[in-house]
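Kindly produce the complete structure, drawing on both the sequences and the hints.
Protein chains in written order, with my numbering: chain A, 83 to 509; chain B, 83 to 509.
Derived by calculation from the structure, the hints in this document are not laboratory data. Be aware that one or more of the hints could be misleading.
Any copy, or any two copies together, can satisfy a pair, since identical chains are not distinguished.
[To be verified] Under the rule of at most 30 Å between Cα atoms (straight-line distance), these lysine-lysine pairs were calculated in the BS3-like manner:
no.: 1; residue 1: K335; residue 2: K479
no.: 2; residue 1: K151; residue 2: K174
no.: 3; residue 1: K105; residue 2: K335
no.: 4; residue 1: K403; residue 2: K87
no.: 5; residue 1: K369; residue 2: K87
no.: 6; residue 1: K369; residue 2: K102
no.: 7; residue 1: K102; residue 2: K335
no.: 8; residue 1: K500; residue 2: K479
no.: 9; residue 1: K131; residue 2: K105
no.: 10; residue 1: K120; residue 2: K403
no.: 11; residue 1: K369; residue 2: K105
no.: 12; residue 1: K174; residue 2: K250
no.: 13; residue 1: K335; residue 2: K199
no.: 14; residue 1: K120; residue 2: K369
no.: 15; residue 1: K174; residue 2: K369
no.: 16; residue 1: K192; residue 2: K87
no.: 17; residue 1: K369; residue 2: K250
no.: 18; residue 1: K487; residue 2: K250
no.: 19; residue 1: K322; residue 2: K102
no.: 20; residue 1: K250; residue 2: K453
no.: 21; residue 1: K369; residue 2: K464
As the structure is a computational prediction, the values presented were derived from the model and not from experiment.
Protein chains: 2
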Amino acid sequence: METVKIGLLGFGNVGTGVYKILKENGADISHRDGLDIKIEKILVRDVRKKRSIEVDENVLTDNVDDIVKNPEISIVAEFMGGTEPAREYILKALSNGKTVVTANKEVLAKHWPELEKAARAYGVGLYYEASVAGGIPVIKVMRESLQANNVYEIMGIINGTTNYILTKMSEEGRNFAEILADAQQRGYAEPDPTSDVEGFDAMYKLSILASIGFHARIHIDNIYREGISGITVEDINYGKELGFAVKLLAIAKKQGTSIEARVHPTFIPMDHPLASVRNSYNAIFVKGDAVGNLMLYGRGAGDLPTGSAIVSDIVTACQQKGRNLYSTFYNEDRISPEITMIEDWETEFFIRLTVKDEPGVLAKIAGIFGKHDVSIASVIQKDHNRGEVPLIFVTHKAKELSMGKAIEDIRRLDEVIKVENVIRVER
Amino acid sequence: METVKIGLLGFGNVGTGVYKILKENGADISHRDGLDIKIEKILVRDVRKKRSIEVDENVLTDNVDDIVKNPEISIVAEFMGGTEPAREYILKALSNGKTVVTANKEVLAKHWPELEKAARAYGVGLYYEASVAGGIPVIKVMRESLQANNVYEIMGIINGTTNYILTKMSEEGRNFAEILADAQQRGYAEPDPTSDVEGFDAMYKLSILASIGFHARIHIDNIYREGISGITVEDINYGKELGFAVKLLAIAKKQGTSIEARVHPTFIPMDHPLASVRNSYNAIFVKGDAVGNLMLYGRGAGDLPTGSAIVSDIVTACQQKGRNLYSTFYNEDRISPEITMIEDWETEFFIRLTVKDEPGVLAKIAGIFGKHDVSIASVIQKDHNRGEVPLIFVTHKAKELSMGKAIEDIRRLDEVIKVENVIRVER
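Here is the structure:
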């Protein structure tokens, strides 16, 4: 039996989950994997703070050096969130010969090459299964089960808060602000919901997923990002009529050496496996040239699911000791510098307008679409209302930038009262 | 760059898939994983047979010893199917110091301890990702991503043929025999469909999945098995009315040291993630005490998806060389011999009867259920037809054996024309 002493940086939600799991299932892990994992030290802000679970006071410390410089500790698990001081502490741990296991998507998305280089230089491991989609082992699957594949598409529901909000809007017909307030009250959404609602969290995660999947670093600066705060119940209802469900999707596609990466609200057909992912569940849909379509579904957050990924990484780190897998990014290593990030991708579009009830409006709008090479697949014109008419278009595949120009021109028409929404459609 | 020479036992569907993948993506695998995987020899029945893909004739052999005793070859991949001579060849390869990668669920389910012991004894690896659910990496996920968990439930759609048939029956309203004949003609079902249709294939796979998940060997003799040939369009339609989809599920549950394992047609609620798994797709739904609900979805068969799993195992075998993970079964190792297999499990039941249109029938049947401690959740009585009435019951959770006795008693009633079907319900 090998005893492995670990240190935890942070003792919030995830840290507590790890603590609970090792307490509850530690004996099973010892038995099955021959590992006695012992929490040696936990970094907290206030050692004296009253906690919901009972912890030996000697285990707690407010001095990070008690962990990152502790010769007893071989693995450091970090879940502080944010970039600083997380980055600094991780680098310190790595440079002191400790393998690092992290749940921190932001620090990884922003500082990956620096962290990866340090891990390589000091011959230790860097593990981050918990950084994307909580308990869903998508990182290991992409790295260690899809080696035979050229992965060319990733579509994920990787933010639970927004999926919860969109599910409730869709099923209960209540508007965004109301559901968000409700979610905040229940603790499902943060007091400042920006990172979730505006797609930053999903963007960090997509940066990690796509980099792993495509073996090319996809920097967050190259990811288009749009949140869900502009989605209305009207959009959702018209989408339903057309057979679509709305999801905040993180999408990355590769064709040859061209890559596109984007996070935005998306309509997908009701019979797409991602459409039935409800509430705060996450799912990642991957296409590989050998494996075909593959989807992983599960809990993307929470103390125990995320703790499950952290503890799995710890066990893996012990079993792979000295055989660390480092990530090879074609573009960072300048092996294949010709990779280009595409900004003018193609999707279908759902466009919802409110127009004046006058003859010739439809012809004018259709003319603008035609001018910009946007081909219309279907039109819905609904019940009049005080001279205003809702007008919905679904297009065939069109270029992003052409659509932008078409919408600009449409907005300038006197007959167009409002461009209510433009939502991309994926299949 | 390490060169790894491999031998293939079999060159049918899966073998061809492996060959194609290495030809197409071999350079990428070399680049990413530092491995040059070279197919040294392929065992075929007839070296001279005309093949759909072009292969160097020197690579083909009809003598197994050219592979299992070949000092150049370090990894042998087997996809012959069946128990003999697959078992013999695998043992020969292991005893000659070769790591074995297999897609053969039957040989593994039946002879696992023998194969595992040989691998341990000769210090080589035994890998079998491809044996369950084709391209879906469920074995690796269960072994290497859920270490923190006590897995207590597994429900899987792990036979593509039956899922295809049930999907078609459900969506097109055509009966079992018709769809099966159609599937056979298209090559989706075998000329002798027994192994798929009667649940043997799913039983082998469940034996492997449950053994890995519960760390206790679940022998096929301990798995209840019932196929889908008795399912009718009428059952499916009544199920729909009740909000259920029908699936051939492989189910294993653990409570303390009690384990139940069974393969049978099952009604599940329409909003269960497994309900939307259509056509020949597979999916495995796992519950763990830390990770919560986790589902993996993808292609359960086919040359490239299964080849994806085989090649992944080969890469993994090279990277883990000398660090083979062997399976620890509590019960095989007599560490925890108190594990008991439950035969009298509990489920809800859907019961469809045709009864005579006479007063008092319902009361008599309800009385029999009551006598056997079966509590009724809902009843549907439908349109009369020449004095015959369809009568459908859904029960609350009831014991399997009690239900068997109740059905026996009901069958004996003069008023009961036929017990049309009894289908278990899971949620």
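The hints, checked one at a time:
| no. | hint | in the structure |
| --- | --- | --- |
| 1 | K335 <-> K479 | within (15 Å within a copy, 46 Å between copies) |
| 2 | K151 <-> K174 | within (8 Å within a copy, 50 Å between copies) |
| 3 | K105 <-> K335 | between (42 Å within a copy, 23 Å between copies) |
| 4 | K403 <-> K87 | both (14 Å within a copy, 26 Å between copies) |
| 5 | K369 <-> K87 | between (39 Å within a copy, 29 Å between copies) |
| 6 | K369 <-> K102 | between (36 Å within a copy, 18 Å between copies) |
| 7 | K102 <-> K335 | between (39 Å within a copy, 23 Å between copies) |
| 8 | K500 <-> K479 | within (23 Å within a copy, 55 Å between copies) |
| 9 | K131 <-> K105 | within (21 Å within a copy, 60 Å between copies) |
| 10 | K120 <-> K403 | both (17 Å within a copy, 28 Å between copies) |
| 11 | K369 <-> K105 | between (38 Å within a copy, 19 Å between copies) |
| 12 | K174 <-> K250 | neither (43 Å within a copy, 59 Å between copies) |
| 13 | K335 <-> K199 | within (27 Å within a copy, 44 Å between copies) |
| 14 | K120 <-> K369 | between (39 Å within a copy, 26 Å between copies) |
| 15 | K174 <-> K369 | neither (38 Å within a copy, 37 Å between copies) |
| 16 | K192 <-> K87 | within (29 Å within a copy, 40 Å between copies) |
| 17 | K369 <-> K250 | both (29 Å within a copy, 25 Å between copies) |
| 18 | K487 <-> K250 | neither (33 Å within a copy, 45 Å between copies) |
| 19 | K322 <-> K102 | neither (42 Å within a copy, 42 Å between copies) |
| 20 | K250 <-> K453 | neither (39 Å within a copy, 44 Å between copies) |
| 21 | K369 <-> K464 | neither (38 Å within a copy, 46 Å between copies) |
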